[in-house]
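What follows is each chain in one-letter form.
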Amino acid sequence: MSFLVAFLVSALSGFVALSWEILWYRLIAFASGGSPASFGLLLGAYLAGIAVGALRVRRHCHGEGGATTAGIAGLVLVAGLVAFVCAPLAALIRVASHWLLGLLPIFVAAGLSGAILPLLAHAAIAPDERAGQRLARLYLGNILGATAGSLVTGFVLLDRLDYETIAALLLMLSSLTAALLATGRALRPDRIGLAALALLLVALPLSRGLHRGFWDRLLHDPEHEIGPVERVVQNRHGVIAVTTDHTVFGDGAYDGRISTSLVEDVNWVIRPYFLAALERRPKEVLVIGLALGAWTQIVANLPGVEKVTVIEINPGYLELIPHYEPVASLIDDPRLEFVVDDGRRWLQRHPERRFDLIVQNTTWHWRAQASNLLSREYLELTRSRLGPGGTLILNTTFSEDAMRTTMAVFPECLRVYNAMIASTAPFHFDKERWRANLLAMRLDGRPVFDLADEKQARRLDEVLGLIDTLDSGPAKEVIESRAALERRLGLEPVITDDNMLSEFRRLHW
Amino acid sequence: MEQEVEGLAATSGTERAVLIIFALSGFSALVYQVAWQRCLFRLYGINVEAVTVVVTAFMLGLGLGSLLGGRLSVDRRRDRLRLFALVETGIGVFGLLSLPLFARVGAATLAAPPLVTALITFALLLLPTLLMGSTLPLLTAYLVDRSGNVGRSVGSLYFVNTIGSAAASVLVVVALLPLLGLQGAVIAAALGNFAVASIALRLRRGSARR
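Chains as they are written, first to last, in the numbering used here: chain A, 1 to 509; chain B, 1001 to 1210.
Keep in mind that a hint or two might mislead.
Covered by chain B, per the in silico footprint, the following chain A stretches (three or more residues, Cβ under 8 Å) [stated by the list, open to error]:
hint, stretch
1, 121-134
2, 140-147
3, 163-174
4, 300-307
Computed, partial: chain B to chain A, Cβ under 7 Å [to be verified]:
hint, residue
5, Arg-1042
6, Val-1055
7, Met-1059
8, Gly-1063
9, Ser-1073
10, Val-1105
11, Thr-1109
12, Leu-1110
13, Pro-1114
14, Thr-1140
15, Gly-1155
16, Phe-1159
17, Ala-1175
18, Leu-1180
19, Ser-1198
20, Leu-1203
These aren't lab readings, by the way, just hints derived from the structure by calculation. Quick caveat: nothing in here was measured; it's all calculated off a predicted structure. Yeah, the Cβ is synthetic: ideal placement off N, Cα and C, and Gly gets one too.
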């Protein structure tokens, strides 16, 4: 085998292998709901597969012997096919068992892929004093291919194509690589184009068929009944799935329900509505984490709000919002400014901005990287962006560590369900003000409560009763003062950038 | 599979020791990758651009390092184990300084435009990844000299290094980060590099005596 062919195959294999790794990370992150362990375990299975693959081919590397070129070509093709069926298999396994077992087909596919480079090296490199240097070049080809794979697949393909199409493209690329090896020389570009087209015509419908119902299977949860997935947005930032009952999943984790109704309150929107019980009238609001916008719609309609800056890392939510009536009007509201960015980075890069209210309804505290938006360092940054008498409302997603951390940074705190309302200055709340504000509030021109409806009038009294639950105990659906929280939870430990406690105190599997 | 593992076991004592330290080297490298990714994401944001820059910087650094190691490995007069030990020491020293260095550079370049940020991230990661990438060809050349078989040498080294990385990718999330935190995990990885360097030097002295 010529060194040039070996180099090209090495580069193409690197491209395909790293592209699959990116796709599999998306798959496993979604299946696990974004567990902090998912990346490490995927990488572990992937690397262990590559290592075992490399070890297994040692027997084919004796002296002058070794796998034939046709044998290596066959291996490239089989590796491509096995990688192609990994995701549908992992989704079936997810339904039958635990997502962790979905790593098994990935281990096998990575093993086949890991066998390619040593076989190529043995076939194309003579065992002389230049072996190290030639190996370095072959390895460089593999790494350049892998780098291109990470850039092209992670940056371009994932933003424009769905999982199913990229899987078909990668299968096509593996088939072309096998053909390159089998023929031993590069084909003419027009022939490559024709072959690619023919392969795609087969691979695309095959991929669509194999991945049918795929996202539903990955969301399968026997404990919580949800409707089938009705919309999926896939982009380079992740996968958002919305079910027919308007439950939203961001990368496989529950993101909330698309409802702003305090009458039904299926998604505990009483938490942002509680801001209307405070004596404060925020004008300038910052929202970190938009998702499908239920909280944003509510705070944008609090009495007195003039401007709302919304930071969201995934623009896919902005594509979905117009489809859902309770939040659709957000997009055209001239008071709202949407910024696609990382919340922490945006805060760091805008030291000049000050807000009367910061609203943070971000993801589960146990998810990978969530501690970046819950740590003491982060909350100190948030505090520095509040104007005098400014307020923070933070969804702790039941993390007692996050509650303690909020108390470590803000002297004034109140727990409302699992949210913390915090400030540097004392704040007050009362039932009459809340009643008046709730009755004055309109969302899309409709009142939050219509007192002409007896059921709604009763529900309003029930909602206002929340204030009477102050310090009634540790139950979820109550309010709790800082003093009571301190007695119950203490003040240590808190989440820091270094300990990442919210993610690693109890690893979420 | 058993045959292959027996094959590994059949290698000489020195070769076995080389394989063990290369596994530890792979372990440390992956601990750094996870820790540095987290640190850089915090400084520059967890958007896909940042993820891609970190992954690309790692890949290219490793690739260029491989070329550098390949070039150094050609000359048989060079003491490859000594070079390897020096490289591991360099990785460990950088590791110890890495988190404070990233924090300082991150704070100083916060307002920089995205392209400049990407270049800075790349520059920060280039030296250590270059060093990491150079280790495989150096040890390949060392083992090929002893065994005369490229495929087996590459396969063995690639296997142990990758197994070390695979073990690290699991252990870093289930043990190192939960027990030691970010800085603690990086210090553990640096200690791993220093241990690898000192064993490599000891092996070199042993070989020279024989």
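task: Against chain A, run the beta carbon of B:Val-1105 and see if the smallest gap drops under 7 Å.
output: violated, 14 Å
Cut-off 7 Å, beta-carbon criterion: hint that B:Pro-1114 touches chain A: Not OK, violated: B:Pro-1114 not within 7 Å of chain A, min 10 Å.
message: Given a cut of 7 Å on the nearest C-beta pair, is the interface hint for B:Leu-1110 held or broken against chain A?
response: At 6 Å from the nearest chain A Cβ, B:Leu-1110 passes the 7 Å test, so the hint holds.
query: With a cut-off of 7 Å, does the beta carbon of B:Ser-1198 approach a beta carbon of chain A closely enough for the hint to hold?
result: violated, 23 Å
- prompt: Three or more residues of the stretch 163-174 of chain A near chain B by CB distance under 8 Å?
  reply: Violated: only 0 residues of the stretch 163-174 of chain A have a Cβ under 8 Å from chain B.
task: Answer holds if the nearest beta-carbon of chain A is closer than 7 Å to that of B:Leu-1203; otherwise answer violated.
output: violated, 18 Å
task: Go through the hint on B:Met-1059 and say holds or violated, using the shortest Cβ distance to chain A against 7 Å.
output: holds, 4 Å
query: Any CB of chain A closer than 7 Å to the CB of B:Phe-1159?
result: holds, 4 Å
task: Have a go at the B:Arg-1042 hint: is there a Cβ in chain A nearer than 7 Å to its own Cβ?
output: Check passed: Cβ of B:Arg-1042 comes within 5 Å of chain A, closer than 7 Å.
- prompt: Once the shortest beta carbon distance from B:Ser-1073 to chain A is found, is it less than 7 Å?
  reply: Status holds, d = 3 Å.
query: Does B:Gly-1063 pass the interface check with chain A, least Cβ-Cβ distance below 7 Å?
result: holds, 3 Å
task: Go check the stretch 300-307 of chain A versus chain B for me, would you? Three or more residues, Cβ under 8 Å, otherwise it fails.
output: Answer violated; 0 residues pass the 8 Å Cβ test.
Going down the numbered hints, you'll see the structure goes against 3, 4, 10, 11, 13, 17, 18, 19 and 20, while the others check out.
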